[in-house]
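Undergrad: One letter stands for each residue in the lines below.
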Amino acid sequence: MKDMTLSTLLAVFEEIFGRGLFWAMVALAGVVTLAYLFVLIRDRAVSWHKFLWAQLSMPVGAVLAVWFLLVMTHSQLRDMGGPIDLIVLLMVAVGGAVGMAILVYTGQSLLRGRDE
Amino acid sequence: MTKNKYDLSRRAFLGVAAGGAAIASVTPSDAAPIATNAKIVIIGAGAGGTALANRLVDRLDGAQITLIDPRPQHLYQPGLTLVAAGLKPADYVTTLTTDWLPSGVTLIPEKAAAIDPEAKTVSTEGGETLSYDYLVVAPGLVLDHDAIDGFDLDMVGTNGIGALYAGPQYAAKTWDAAGKFTEDGGVGLFTRPETEMKCAGAPLKHTFLIDDLARRADNRGNMDITYAAPQGSLFGVPIVAEKVRMLFGDRGINTAMQHTLKAIEPGQQKATFVDQDGSTVDMDYDYIHVIPPQRAPDVIRESGLSWADKWTDQGWVECDMYTLQHLRYDTIWALGDVAGVPKGKTAASVKWQVPVVEDGIVSAIEGTDPTETYNGYTSCPMITRIGRAMLVEFDYNNDLTPSFPGIIAPLEELWISWLMKEVALKATYNAMLRGRA
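Chains A and B, in that order, give the protein sequences.
The opening position of the first sequence corresponds to residue 258 in the numbering used here, with each subsequent residue numbered one higher.
The opening position of the second sequence corresponds to residue 510 in the numbering used here, with each subsequent residue numbered one higher.
Careful, some of the hints might be misleading.
Between beta-carbon pairs, the in silico distance windows are [unchecked claim]:
| # | chain 1 | residue 1 | chain 2 | residue 2 | range |
| --- | --- | --- | --- | --- | --- |
| 1 | B | T877 | A | A281 | 39 to 47 Å |
| 2 | A | A281 | B | D908 | 36 to 44 Å |
| 3 | B | S872 | A | V288 | 42 to 50 Å |
| 4 | B | R837 | A | T290 | 53 to 61 Å |
| 5 | A | L263 | B | R837 | 39 to 47 Å |
| 6 | A | L266 | B | R837 | 39 to 47 Å |
| 7 | B | P775 | A | L263 | 48 to 56 Å |
| 8 | B | G758 | A | T290 | 50 to 58 Å |
| 9 | A | I344 | B | G758 | 26 to 34 Å |
| 10 | B | I748 | A | A281 | 41 to 49 Å |
Quick caveat, the hints were computed from the structure, so don't treat them as lab data.
Positions of the beta carbon are idealized from the N, C-alpha and C atoms, including for glycine.
Looking at chain A on its own, in the form it has when it is part of the complex (with noise of 0.2 Å):
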């Protein structure tokens, strides 16, 4: 790589998933996001009962997160072969559990409302 700058980062994503797909899934991760920090705030307190279906769905995230990511790239996991492999899976598959999480426990607060 000669200049690994942030808008070099953008355009290597941009090309992977097409530029339009690439913002929508940005503004998708945001809109999630703020949606979380919204009920938050909103709810101005974290409902645990919520928090346990989030917290249950976090292996279902991590499985699906390192399963997709296995498919697309026609690799297994016997193809892990330093540390630094086991480091990218371990992200990946923290990255879908938390996902995967914030999803869960947006959904449930937008859909059912506060707890009272």
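Got chain A sorted already, so can you dock chain B onto it with the hints?
TA: Same frame as chain A, but now just chain B:
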């Protein structure tokens, strides 16, 4: 109370949203374009020509930029090894040349027929003559299939013959033949030419991939694989050659070094090599991968731009290995495969060469000294099986130049290196074409 709370939360919400939008809209600011009426001609609208045109359009205001290239398709050549292993369809590598060119440049869809470096003109096959102030020669190279006796491109995909360099449809046909080999077994011969060549890792990648695919088909025990090359080592960079030697040992791949493919007899499935003693060696095959000698296009060799004392059978452009400027004509630069430099016939090299040529031309227009140089950087994501690769990067000195030292080891078979080849490489390449990487 409730109303107040909602007002506050809405304000906070909108504030965060506005902040996010502001971050998203930040773009790097570029220096003001330089006003000029220079006439710049680029022969070739491949990776180098296209990326350079996009960058020059941003740097120069008023320059007359003309590209000359007869091929309507743009080929993403790093993808050909994946097509030839059945991992991607042929159209994975094909787009339109015009998809990538910026507005404000002219594309002449013809072949360059002659260059007169004294009169500073380029003539096209259609009879048009263009004068230039600055010329960039980036026409790529020519695959000399006729140099292999008995071989014809029409044979690719039949009788166990593959030739993935020849283009997307031939890479797909190569998989027809190679895929059959992985099912039927037999003797596989994987060759490389004696000349300089584009992506010297590709012959090795094809060998590794077919070996892996045969293992996945549970058929590797029924085949004998030999890698036959005119050179004395498996890779130009000694430390990488040693690693490949070890991997070949691990995979049970035989080698026939200093063996140059000269002819094939498709009917009898027999290949003829010449060894280091000049003796003829015949080998039978069930699958053979043919990579012919590679040379500069005739227009370069006939225009007196080639080296007179180096690569005389190949005709690469005589240029400074660091600035890529022609050694006898200071208004001409070489870019990409055609450049007569010791390394650098890859897309990754082009990525590093383009800013050097851009800097050379812009500096010449401004009357200043150029500062960018090319150090021979070449990158090869050496696929060693589906799902693993080694991210090998090196320079003119054969020094390894890892982009992520301490994180991605260059001589380890890693999944992340495969991910880069599979996911990020084409995207980075496309960003480069647009002049953005």
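Undergrad: Are any of the numbered hints broken by this structure? If so, which, sorted upward?
TA: none
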